[in-house]
Amino acid sequence: MSDSRLPSSFMAPGTSSFADFLGIEAPDLLPSRRAVPTGNAGDLAPHGTTIVAATFDGGVVMAGDRRATMGNIIAQRDIQKVFPADEFSVVGIAGTAGLAVEMVRLFQTELEHYEKIEGTTLSMDGKANRLAALIRANLGLAMQGLAVVPLFAGYDNAAGQGRIFSYDVTGGRYEETAFHSVGSGSLFARGSLKKLYRDDFSADEAVMAVVQALYDAADDDSATGGPDLTRRIFPVVHLITPDGGHRMPDDEVSAIADRMIASRMQRPDGPAAPLT
Amino acid sequence: MSMPFYVSPEQMMKDRADFARKGIARGRSVVALQYADGILFVSENPSKALHKVSEIYDRIAFAAVGRYNEFENLRIAGVRLADMRGYAYDRRDVTGRGLANAYAQTLGTIFSSGGEKPYEVEIFVAEIGDVADDDQLYRLTYDGQVADEHGFAVMGGAADVVAGHLREHYVAGSSLEDVLRVAVSALGHSETDDRVIPVGDLEVAALDRTRTQPRKFLRLRETRLAEILGTRGAEEAGDPAPEDAIAGSGPHHSGEDDPADPTDQVSGAVAPLEDPVTGEPTAQAPVAPPADPPTEQAQPPADPDVPPTTPPATPPADSGPARP
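Note that the protein sequences, when read in sequence, are chains W and Y. Numbering-wise (numbering that gives the first Met the number 0), the first sequence opens with residue 0 and increments by one. Numbering-wise (numbering that gives the first Met the number 0), the second sequence opens with residue 0 and increments by one.
These are computed hints drawn from the structure, not numbers from a lab. No incorrect hints appear here.
Per label pair, the in silico range of CB-to-CB distance: (1) W:Thr169 / Y:Asp133: 44 to 50 Å; (2) Y:Gly237 / W:Pro26: 43 to 49 Å; (3) Y:Ser112 / W:Ala34: 36 to 42 Å; (4) W:Ala254 / Y:Thr211: 20 to 26 Å; (5) Y:Asp133 / W:Pro248: 24 to 30 Å; (6) Y:Thr211 / W:Asn128: 29 to 35 Å; (7) W:Thr169 / Y:Asp129: 42 to 48 Å; (8) W:Pro241 / Y:Gly97: 33 to 39 Å; (9) Y:Asp192 / W:Asn128: 53 to 59 Å; (10) W:Asp42 / Y:Asp147: 50 to 56 Å; (11) Y:Arg91 / W:Asp167: 31 to 37 Å; (12) Y:Lys21 / W:Pro241: 45 to 51 Å; (13) W:Thr119 / Y:Thr211: 19 to 25 Å.
Using N, Cα and C, we set each Cβ at its ideal position, and we do this for glycine too.
Given these sequences and hints, build the entire structure.
Below is the structure:
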């Protein structure tokens, strides 16, 4: 190589977006630029399943089960599907696991890249819109069965509350109030949260509600994994408050899960909601 | 066929080095110091938005002096390089050495290529390891040379004076608070007197390995600095440097017109062709003046809130021609 200096595209001013830069400099690294032969590729790779999120007074919590499936096979029983996107936001993924994990890495880099170049963080809506753009770019692959559907949540310092965004495969972005769920078990999880959710939740109560919802999803959806008591594998729970976000330590989650299971021993369908 | 003038390579390189050195010497100094838990950067920089010290990656930071647009270009290139490598491989695979090499190649190529002016910048690339012995601090100069620094390093305008003060007072392995105090007093030190730099004019950042997050870079804000530095006597802001933007004034130039110095920023008696503010030809312009003096139609549309003013026939006395 005669010219070993940094390529001029690195020095070019303009974009603060890592994905845009990658599109110019190394498009083969973008998950959405891959050509896949026509046909349904959906059965080739593992799928991630259920993610739930709920807001509470002073933050938001997101939790995901640990199962990845390939048809009738359990591909992995301790997969992680909820990731921190940056200090104040978290993203959970359902759909083709390989693509989804790659997309999360791209999204994490995108947010950090913007922060470093501009010296300030993106707004909550700005982050949600960037994720929508990444999902939209994946539409071609989604039509061949490799869909990725994320759930995005975070604490909005400007609005002073936790917020949740859901997406469809075309990049549609929808803000949800209170709680939401995506993935194969999402119908059951959402029904469960509908009955369990209260506006005045504390952080601990919100965590208990999402863990209950995941149990209800696993109860009725074969692709969602329930708590694995023998291997001590429990959901991944991320809590985000005005002080930042963190993954709840495994021993705390397992204590909550043990309490839930103890009460389900009495009433397998979970807590009963009042009729009126 | 005309032959180009012959300029010996030695002379050409010397001219280019002089040019770059003069540009760098105009700015204020930046100090980088190793302390027990990482590397600290201190500089006097009244601007809150135009940083001289920035984060590149988890354990890597960047500091620069000289021309803002040039080192900002390099900083952005560094962030892109680091993020791309971290994305394509893994976060642990982004190293300060790799980044310093890329910068060195870039600066060296620009310096020795005839077609471009050399960059008027000097850069620190720092990376912290798990223990103090693994910390690395590279200094890169305008011509692409890389030096591996230990303990402390200074670059910018009064580097020699500041380094002299540090050599006497710096103690290896001391705490963040101690090295900060030493660095601030060194930056305020000059051959004639010692000055107390106002807390608000300090830009301080550190790579701190005790942080629990993977990203070890943090800025020390004004309140924290005031807490650490305590009372130090009457604060005295530095003289405006050519790099500072003075509120309400145009570009600030210092120094005098020296026809022998190609890098000075002041032009003498030769009036610019155009008024830098209005774009109108100036009265002394050595071109044919328009048939009519500047007319209404040449003016921008009148703002109803502002009484119309006629553009000054000559540029303000203190502003030279606008540099591109």
